[in-house]
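On the provided structure of chain C, position chain Y as indicated by the hints.
Note that the protein sequences, when read in sequence, are chains C and Y.
Last residue of the first sequence: number 455 in this note's numbering, and the count goes up by one each step with no gaps.
Last residue of the second sequence: number 455 in this note's numbering, and the count goes up by one each step with no gaps.
Each hint should be verified, as a subset may be incorrect.
[Claimed, not checked] With a Cα cut of at most 16 Å, we get these calculated EDC-like pairs of lysine to aspartate or glutamate:
| id | chain 1 | residue 1 | chain 2 | residue 2 |
| --- | --- | --- | --- | --- |
| 1 | Y | K24 | C | D194 |
| 2 | C | K363 | C | D392 |
| 3 | C | K209 | C | E153 |
| 4 | Y | K112 | Y | D81 |
| 5 | C | K178 | Y | E84 |
| 6 | Y | K148 | C | D419 |
| 7 | Y | K178 | C | D419 |
| 8 | C | K24 | Y | D356 |
| 9 | Y | K111 | Y | D192 |
| 10 | Y | K321 | C | D264 |
| 11 | Y | K220 | Y | D194 |
| 12 | Y | K335 | Y | E367 |
| 13 | Y | K88 | Y | E65 |
| 14 | C | K207 | C | D9 |
| 15 | C | K119 | C | D81 |
| 16 | Y | K178 | Y | E282 |
| 17 | C | K220 | C | E246 |
| 18 | C | K118 | C | E85 |
| 19 | C | K321 | Y | D280 |
| 20 | C | K111 | C | E65 |
| 21 | C | K40 | C | E65 |
| 22 | Y | K321 | C | E246 |
| 23 | C | K118 | C | E65 |
| 24 | C | K321 | Y | D264 |
| 25 | Y | K119 | Y | E153 |
| 26 | C | K148 | Y | D392 |
| 27 | C | K66 | C | D9 |
| 28 | C | K40 | C | D9 |
| 29 | C | K121 | C | D2 |
| 30 | Y | K321 | C | D280 |
| 31 | C | K148 | Y | D419 |
| 32 | Y | K148 | C | D356 |
| 33 | Y | K115 | Y | D192 |
| 34 | C | K321 | Y | E246 |
| 35 | Y | K119 | Y | E85 |
| 36 | Y | K180 | Y | E150 |
| 37 | Y | K148 | C | D194 |
Since the hints were derived computationally from the structure, they do not count as laboratory data.
Quantities reported herein were computed from a predicted structural model and do not represent experimental measurements.
Here is what each chain is made of, one letter per residue.
There are 2 protein chains.
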Amino acid sequence: MDNITKFFDPKTVAVIGASRNPNKIGHIILSNFVDGFKGKIFPINPKIDKVLRHKCYPGISSVKEKIDLAVIAVPAPVVPDVLEECGKNGVKACIIVSGGFRESGKIELEKKMEKIVKKYKTRVIGPNCIGIYDPYSGVDTIFNPRYKLERTEKGSISFISQSGATMSVIMDWMAMRKYKTSKLVSYGNAIDVDEADLVEHFANDKKTKVICLYVEGVNKGRKLMKSMKKVSKKKPIVAMKAGVTEAGKGAALSHTGSLAGHSDVYHAAFKQSGVLLASDLEQMFDFARVLSTQPSPAGKRVQIITDGGGFGVISTDWLIKNGMEIAEMGESNRKRIRKLAPVHASVEGVIDLTGDATSGMYKECIEASLDDENVDIVFVVALFQPPMLTSDLVEILIEETARKKKPIIVVSAGGSYTDVLKKSLEENGVPCFSYPKGAADAAKCLYNYSKIKYS
Amino acid sequence: MDNITKFFDPKTVAVIGASRNPNKIGHIILSNFVDGFKGKIFPINPKIDKVLRHKCYPGISSVKEKIDLAVIAVPAPVVPDVLEECGKNGVKACIIVSGGFRESGKIELEKKMEKIVKKYKTRVIGPNCIGIYDPYSGVDTIFNPRYKLERTEKGSISFISQSGATMSVIMDWMAMRKYKTSKLVSYGNAIDVDEADLVEHFANDKKTKVICLYVEGVNKGRKLMKSMKKVSKKKPIVAMKAGVTEAGKGAALSHTGSLAGHSDVYHAAFKQSGVLLASDLEQMFDFARVLSTQPSPAGKRVQIITDGGGFGVISTDWLIKNGMEIAEMGESNRKRIRKLAPVHASVEGVIDLTGDATSGMYKECIEASLDDENVDIVFVVALFQPPMLTSDLVEILIEETARKKKPIIVVSAGGSYTDVLKKSLEENGVPCFSYPKGAADAAKCLYNYSKIKYS
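Just chain C, same shape as in the assembly (with noise of 0.2 Å):
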């Protein structure tokens, strides 16, 4: 267990600054940990005795027991003092939400808080950022209302970003869309905790399988890179880089202090560490979806399964653009197939079971492309609106990706309908994609990654 275990998993945590107002946010952090975290809660604050049914302490001092975690939203000029206090009374992991330090210009501010730091060894995330949700442990410091900002439920994509509103957005975003994740962190200002400590860690969590990270600047790009070089044999970190063009640099500059740097040295920086590029945040969940629940492929022929024979067409497309192939099956599969597919259906090459598919023969397919030795990942196109096709192609579809023989990726296109059936298959670890472009870049990211693996 690291120094950084104590964040995502306390059993006592203190919330300093704790408010009865329910518009502040030492009130909303109080009352996400009063809702879900399983362990101790002690809210501090000495004008208050209590708050949400809990005591009030007011100070860490006067606290008994050991806190394993202090959440700090207190303002600016008083978050030293705190801080010594936690450092005093052996707080070894302090999350440091509030803002007006370095990005206000306040930088001696911040050096006095990085001689604390030091002199208590305390590890402490922040200031100026969102802090951590995870849906593990209950810890949850972002003060954004629960109706506005939904969570995200127990899976094993972690994301580490910079950027606050970053990462709430989009944990907001993956919620509706019921994509799973472990751990969510926002880091701000990084006085200690930074991007490589963060990659580090979770390379050795067991609830992580992919890492993604959001960059604008980085500040250690040796140790960031050297941290990247280490994990990413083991597992996937898929990363973007904002700030791109000189513009985007001029707009990181004075959105987090941060220089952003040039691109093409980022860039090239990932590559060499076997980092997957995302060029924009969509696509960099879209990769870590694909890469969290599906096996990797062997290589990169691609067996098609449409019932619209355009989809079919814009499918192939985008794979062969990114490189990929379509996969040729053998003749004794084909022949299985064909007992089974409506008469005008096409079996050569990409499967077009048009718009008289139904679940069984979709089975059929799916499990001949399992089986053949020419196929290495199964790109199921299932359009549900025609009349014949029942839903139970979607328990289908649960089943045959639970056996992770191979990965299997869907593409499904549609309204209210669709979505439904679309939420279910993400929430049962089969990733699901409303065009093919997505789809066939994600395959390709999944074959990208095998080799990054195995070579």
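Using the frame of chain C, we list chain Y on its own:
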């Protein structure tokens, strides 16, 4: 009025092959008309005398009234006789949804039909197509059940697609997102009416502002190019070509029996004709949404207004990559914003209101951008999660967009709460995107079309 109008706005419709069996195509289509069509409906089937509370006729000749549109849903071998009867009885427009012709090797059957079409000058859409959906007139020949495939509301985007599955799935997808449409057509084997006829018809259709075209292969390339060239200065045409790789072309051949041709030739022809190219289906409708609701920009200077710094950085990156520019607002408007914005906000270049943004601040920034002569396009990143930001920002965005002073494009990422607000924006003519990339691509498309229009 050209002779295509009858397809979209008939007063009398015959459904040939009307059936009492709810699983039959002839039943689903008839019930669509019974549900939504305001004109007179004549079911045709010699074996039954009543269906869905409508009198059923043994044949077209036994209907006393003039039939404007006949929808033919009978087995392929019977279609030529039915077509002949339609011609004899003066039916001016027929949609043949039945399949089993050229795509199944029955070329002779199609040739026979072509002769009948010439003889009577009947206009025909199909065969082997899904036909038409027009929310204004209630013409709806889509034979997928409505619970599986939602219908779109009245709007101004028209869509032309050879492929029926592509057309109908797209509609379902659009309906859930509250994207609105005018006329959607799948024209199948095109023995008579083709893409060019439809492009020219939509050019004169008052309810169509943008024409979208999905093609795999085109039979009469020169005719289409001529039509597009004529129309594109009057109304934007967005086209997507599928089957751009060799393998994709093969898939297209087995899908529709048409040669996909060389993609470079298509792309060159599209560009020469003033057509905007979309690289995938989602992007096609991203473009169409913006083109159908927003005015032409005077230039390419984009003012970004955001409450999330990271999203501001990513937006800048994508706009610059697309060849757009970040606007430099005049000092007087900047002052106006500085007065209201939070102290730690950035107002040079990208306006970052931070997580302390309120809807009042957004209003001021949008109005300053609309007033400022250095701004051509207003790019609003509205992340709705911050506690202080109220949902009346939706009304502000709708009002400011309705002024049509300059194009406004919105980015709003999130979950269920955000989704409700996004749908409200879409319904009221404000194009809204989940991530910066799609919005930046749409901004570029808007600028590109302004150049085509005024070149």
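Now the hints, each set against the structure:
{"no.": "1", "hint": "Y:K24 to C:D194", "result": "violated (62 Å)"}
{"no.": "2", "hint": "C:K363 to C:D392", "result": "holds (10 Å)"}
{"no.": "3", "hint": "C:K209 to C:E153", "result": "holds (15 Å)"}
{"no.": "4", "hint": "Y:K112 to Y:D81", "result": "holds (10 Å)"}
{"no.": "5", "hint": "C:K178 to Y:E84", "result": "violated (54 Å)"}
{"no.": "6", "hint": "Y:K148 to C:D419", "result": "holds (10 Å)"}
{"no.": "7", "hint": "Y:K178 to C:D419", "result": "holds (14 Å)"}
{"no.": "8", "hint": "C:K24 to Y:D356", "result": "holds (13 Å)"}
{"no.": "9", "hint": "Y:K111 to Y:D192", "result": "holds (11 Å)"}
{"no.": "10", "hint": "Y:K321 to C:D264", "result": "holds (14 Å)"}
{"no.": "11", "hint": "Y:K220 to Y:D194", "result": "holds (9 Å)"}
{"no.": "12", "hint": "Y:K335 to Y:E367", "result": "holds (13 Å)"}
{"no.": "13", "hint": "Y:K88 to Y:E65", "result": "holds (14 Å)"}
{"no.": "14", "hint": "C:K207 to C:D9", "result": "holds (12 Å)"}
{"no.": "15", "hint": "C:K119 to C:D81", "result": "holds (13 Å)"}
{"no.": "16", "hint": "Y:K178 to Y:E282", "result": "holds (14 Å)"}
{"no.": "17", "hint": "C:K220 to C:E246", "result": "violated (21 Å)"}
{"no.": "18", "hint": "C:K118 to C:E85", "result": "holds (14 Å)"}
{"no.": "19", "hint": "C:K321 to Y:D280", "result": "holds (13 Å)"}
{"no.": "20", "hint": "C:K111 to C:E65", "result": "violated (30 Å)"}
{"no.": "21", "hint": "C:K40 to C:E65", "result": "holds (10 Å)"}
{"no.": "22", "hint": "Y:K321 to C:E246", "result": "holds (10 Å)"}
{"no.": "23", "hint": "C:K118 to C:E65", "result": "violated (23 Å)"}
{"no.": "24", "hint": "C:K321 to Y:D264", "result": "holds (14 Å)"}
{"no.": "25", "hint": "Y:K119 to Y:E153", "result": "violated (38 Å)"}
{"no.": "26", "hint": "C:K148 to Y:D392", "result": "holds (14 Å)"}
{"no.": "27", "hint": "C:K66 to C:D9", "result": "holds (14 Å)"}
{"no.": "28", "hint": "C:K40 to C:D9", "result": "holds (12 Å)"}
{"no.": "29", "hint": "C:K121 to C:D2", "result": "holds (13 Å)"}
{"no.": "30", "hint": "Y:K321 to C:D280", "result": "holds (13 Å)"}
{"no.": "31", "hint": "C:K148 to Y:D419", "result": "holds (10 Å)"}
{"no.": "32", "hint": "Y:K148 to C:D356", "result": "holds (15 Å)"}
{"no.": "33", "hint": "Y:K115 to Y:D192", "result": "holds (10 Å)"}
{"no.": "34", "hint": "C:K321 to Y:E246", "result": "holds (10 Å)"}
{"no.": "35", "hint": "Y:K119 to Y:E85", "result": "holds (12 Å)"}
{"no.": "36", "hint": "Y:K180 to Y:E150", "result": "holds (12 Å)"}
{"no.": "37", "hint": "Y:K148 to C:D194", "result": "violated (48 Å)"}
Going down the numbered hints, you'll see the structure goes against 1, 5, 17, 20, 23, 25, 37, while the others check out.
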